[in-house]
Amino acid sequence: MADPRTHRLRLWSSALVVGVVLLAVLLVPPLVQLDEQAVDLSRKLLPPSWAHPFGTDDLGRDLLLRCVYGLRISLLVGLVAALVATVVGTAVGAAAGALGGWTDRTLMRLVDAFSSVPHLLLGIFVVALFQPGVWPVIASVAVTHWLSTARIVRSEVLSLRTRPFVDAAVSGGASRWRVAVRHLLPAVLPQAGLAAVLMVPHAMWHESALSFLGLGLPSHQASLGNLVQTARSSLLAGDWWPTLFPGLLLIVPTLAIAGLAGAWRDRLNPRRRSELML
Amino acid sequence: MNAPNASGQRLLRALDAVTAERAEDAVLSVRDLTVRFRLRGGRTVAAVTGADFDLAAGECLALVGESGCGKSVLASALLGLLPGNAETSGTALTDGIDLLAADEKTLARTVRGRRVGLVPQSPAAHLTPVRTVRSQLEETVRALTATGRRARRKAAEDAAERAAFPAGHLDRYPHELSGGLAQRAATALALIGGARLLLADEPTTGLDRDLVDRTADELRRHADDGRALLLITHDLAAAERIADRVAVMYAGRIVEIAPAHRFFGPTGPRHPYARGLLNALPEREFTPIPGMPPELSALPEGCAFAPRCPLATELCATRPAFTAGLACHHPERPRA
Amino acid sequence: MLELDTVTAGYDRRAPVFRGASLTVAPGESVGLLGPSGCGKSTLARVAALLHRPDAGRLVLDGAEVRAWRHRAPRELRTAVGVVFQQPRTAADPRLALADLIAEPLRATGRRAEAADRVAELAPAVGLTADLLTRRPHEVSDGQLQRACLARALTLRPRWLICDEMTAMLDASTTAALVAAVETYRETTGAGLLAVGHDRVLLHRWCDRTVEWKECLPAEENP
Numbered sequence: 006m007a008d009p010r011t012h013r014l015r016l017w018s019s020a021l022v023v024g025v026v027l028l029a030v031l032l033v034p035p036l037v038q039l040d041e042q043a044v045d046l047s048r049k050l051l052p053p054s055w056a057h058p059f060g061t062d063d064l065g066r067d068l069l070l071r072c073v074y075g076l077r078i079s080l081l082v083g084l085v086a087a088l089v090a091t092v093v094g095t096a097v098g099a100a101a102g103a104l105g106g107w108t109d110r111t112l113m114r115l116v117d118a119f120s121s122v123p124h125l126l127l128g129i130f131v132v133a134l135f136q137p138g139v140w141p142v143i144a145s146v147a148v149t150h151w152l153s154t155a156r157i158v159r160s161e162v163l164s165l166r167t168r169p170f171v172d173a174a175v176s177g178g179a180s181r182w183r184v185a186v187r188h189l190l191p192a193v194l195p196q197a198g199l200a201a202v203l204m205v206p207h208a209m210w211h212e213s214a215l216s217f218l219g220l221g222l223p224s225h226q227a228s229l230g231n232l233v234q235t236a237r238s239s240l241l242a243g244d245w246w247p248t249l250f251p252g253l254l255l256i257v258p259t260l261a262i263a264g265l266a267g268a269w270r271d272r273l274n275p276r277r278r279s280e281l282m283l
Numbered sequence: 003m004n005a006p007n008a009s010g011q012r013l014l015r016a017l018d019a020v021t022a023e024r025a026e027d028a029v030l031s032v033r034d035l036t037v038r039f040r041l042r043g044g045r046t047v048a049a050v051t052g053a054d055f056d057l058a059a060g061e062c063l064a065l066v067g068e069s070g071c072g073k074s075v076l077a078s079a080l081l082g083l084l085p086g087n088a089e090t091s092g093t094a095l096t097d098g099i100d101l102l103a104a105d106e107k108t109l110a111r112t113v114r115g116r117r118v119g120l121v122p123q124s125p126a127a128h129l130t131p132v133r134t135v136r137s138q139l140e141e142t143v144r145a146l147t148a149t150g151r152r153a154r155r156k157a158a159e160d161a162a163e164r165a166a167f168p169a170g171h172l173d174r175y176p177h178e179l180s181g182g183l184a185q186r187a188a189t190a191l192a193l194i195g196g197a198r199l200l201l202a203d204e205p206t207t208g209l210d211r212d213l214v215d216r217t218a219d220e221l222r223r224h225a226d227d228g229r230a231l232l233l234i235t236h237d238l239a240a241a242e243r244i245a246d247r248v249a250v251m252y253a254g255r256i257v258e259i260a261p262a263h264r265f266f267g268p269t270g271p272r273h274p275y276a277r278g279l280l281n282a283l284p285e286r287e288f289t290p291i292p293g294m295p296p297e298l299s300a301l302p303e304g305c306a307f308a309p310r311c312p313l314a315t316e317l318c319a320t321r322p323a324f325t326a327g328l329a330c331h332h333p334e335r336p337r338a
Numbered sequence: 719m720l721e722l723d724t725v726t727a728g729y730d731r732r733a734p735v736f737r738g739a740s741l742t743v744a745p746g747e748s749v750g751l752l753g754p755s756g757c758g759k760s761t762l763a764r765v766a767a768l769l770h771r772p773d774a775g776r777l778v779l780d781g782a783e784v785r786a787w788r789h790r791a792p793r794e795l796r797t798a799v800g801v802v803f804q805q806p807r808t809a810a811d812p813r814l815a816l817a818d819l820i821a822e823p824l825r826a827t828g829r830r831a832e833a834a835d836r837v838a839e840l841a842p843a844v845g846l847t848a849d850l851l852t853r854r855p856h857e858v859s860d861g862q863l864q865r866a867c868l869a870r871a872l873t874l875r876p877r878w879l880i881c882d883e884m885t886a887m888l889d890a891s892t893t894a895a896l897v898a899a900v901e902t903y904r905e906t907t908g909a910g911l912l913a914v915g916h917d918r919v920l921l922h923r924w925c926d927r928t929v930e931w932k933e934c935l936p937a938e939e940n941p
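Protein chains in written order, with the working numbering: chain A, 6 to 283; chain B, 3 to 338; chain C, 719 to 941.
In case anyone wonders, no lab produced these hints; they're calculated from the structure. Just so you know, these numbers come straight off a predicted model, no measurement behind them. For glycine and all other residues, C-beta sits at the position ideal for the given N, C-alpha and C. Misleading hints may appear alongside valid ones.
[Stated by the list, open to error] Facing chain C, a subset of chain A residues (Cβ under 7 Å, in silico):
hint, residue
1, Tyr-74
2, Arg-168
3, Pro-169
4, Asp-172
5, Val-175
6, Ser-176
7, Gly-178
8, Arg-183
9, His-188
10, Pro-191
11, Pro-195
[Stated by the list, open to error] Covered, in the sense of this in silico footprint (three residues per stretch, anywhere, with C-beta under 8 Å from a C-beta of chain A), are these stretches of chain C:
hint, region
12, 809-815
13, 895-904
14, 910-924
Use the sequences and the hints to build the structure in full.
Following this line, the structure appears as structure tokens:
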């Protein structure tokens, strides 16, 4: 068991990072009236300095500003995609688990079919159907990410379904719908919520991968994937900052979100007897 | 209030003498054991308060009481298995080691399994499902003693034999065992280290009467072999079957300790709560004690049983001291 | 009349837990079913509560044969049989306060308006105080939770009550209190009782008659 102090440290540092990231992406664009797309070729590829803490890119655009905008888009994509994937996954998983039989078999074969295609390939297929933009990317991430949630929720519902409290509800006259919605679903929501939080960084990475391959957002739009992609050429020339900072902004919030999710999970499973032992 | 009559006083003196004598060769000697839980929001739960008892070799003490009275907490305290928000005070000496003061390392290396063996509540859950009984016994032997392979095998088989676990079933997995055999396998695990103190925490809950009797008899046999047995149970029939003495716990306090033959015999217990508990048995009056036990986080100032007690008076607003095996202002007088 | 007629049931058609069990509970009668653990008497209790579809045999309630089980059973049949299980921890939805637990059957059957009154009526009958009603299952003891589970089984005033090892986990005083609550309910409503358990002394004291598990089975099935 981890030392409670490390535990607290992890929780608070994670919360701090997530807080700073949220404040930055929410407040900087409306408050700082600067154009992140303003090109200034006289200032291209400047290393980090006081004027440009993250340096500038090959078109002389301020990287700090572009990173904040990029993080904003990536987070937006991550959050919305995770939300959509969780809602779809929970609905499918709960329906399969609670209804069972024919419905269960059909839905789970569907999940298997989706899972059998490599995620990136499936994601690329979805974005290829539409014009480049934020929504196709969100759809692409959601399509590939609801599967695991569906599986988690289904197995959770299956194990809950055999508990006597479901028998008791049935015996008390509850309809199948009421058992599913009032007794089974609330019991799996914390698990599904946890899966959703952990999915946010996952979705951000998926977006970055698509953008890095040039299939995600239009390249003028600052997203973390696009930033790393455009920085690739300058990295070979020895300019490290255009790659490093977007990369860090992908990794650090990922760790922070995972840290928060971990703390949440610890609270979800308090050994019930541990406090009182009654 | 009547002064105890002459025979009563003689009995008390005899009891005191017995207790004093026991303190000498006690395997476990508990003094003023207190456990508090601090909860969020500043609430404090007084799970165990001022428990005092001795347990001699070859003796079985049954700790009985309603669910939530603190008896399981007491057992966990003796094993050093309380959660982090628990605070303990008092002493629990066994073999020169204070179980309450010992650090985790001492407990792990010299106490659990070696001095104190635990017979668990649900043996099936106590055994690892994916390994045979033999491999679990041998693993315990290896953890407790540094012996070679052959000696380990022998020690495991000996422990199984002592627990009456048939040798032919040693290579089975827990799910292939009946409830009774799983209980014996768990007991064998508790016996390996040669612990002189056995702690049985609700070993008979949910078992059939026949199996209860068999399990209890087997535990009794280990006491007869010279071990001290602390049986924690709400099953009064099991306690009656094997206990030498009975300690009754109510709202975190031991309210009466009495020899089992007196407690279950025609004389009966002296504390009104203990009487009520016995009278609730279907083979007796089958009438419940009115009301419910108080919250351990909001105990009354005085006697905790007073609100449910048929004999309570104003006197009960002050807490009765625990003397001569009893904590009550209005004890029932032993029937002639 | 609650009649179980040559019921065969289990969780695998090829290997049923028991075959051909028969048992009858008349209105107002209390029947104790005695048997060792693992013999299938809990499964029989679930069949009688319309919670488990038997592989063969009939369940007849007041002359009407039950043809659908669980959710598919008509609500008035399902709710005519109340059931209390052995382990209150797993039988109570962990998110519901005890008052909501007891009121749940009324809410589930669209009689929300009666809930508060019925809870106020039942809580003292099973010995629960107002303070306990606001707590959730993990904040009360096993005994207190089982009291709430008994109250829940009585909420819809069932004509039969099935108690499957209701008191196996409980101490003597709580056992006596719960049995007294069941008997009070039966006296006022004339409900029938099937108490399933392994405690001979308890069931003999509690019930009008007791049936050994093997008496339910056809002679050739007896071990």
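Taking the hints in turn, this is what the structure says about them:
1. Tyr-74: Not OK, violated: Tyr-74 (chain A) not within 7 Å of chain C, min 42 Å.
2. Arg-168: 5 Å, holds
3. Pro-169: For Pro-169 (chain A), the interface hint holds, since the closest Cβ of chain C sits about 4 Å away, which is under 7 Å.
4. Asp-172: Holds, about 5 Å.
5. Val-175: Status holds, d = 5 Å.
6. Ser-176: Holds. Min distance 5 Å.
7. Gly-178: Holds. Min distance 4 Å.
8. Arg-183: 5 Å, holds
9. His-188: 6 Å, holds
10. Pro-191: 6 Å, holds
11. Pro-195: 10 Å, violated
12. 809-815: holds (count 5)
13. 895-904: violated (count 0)
14. 910-924: Not satisfied, violated; 0 residues make the cut.
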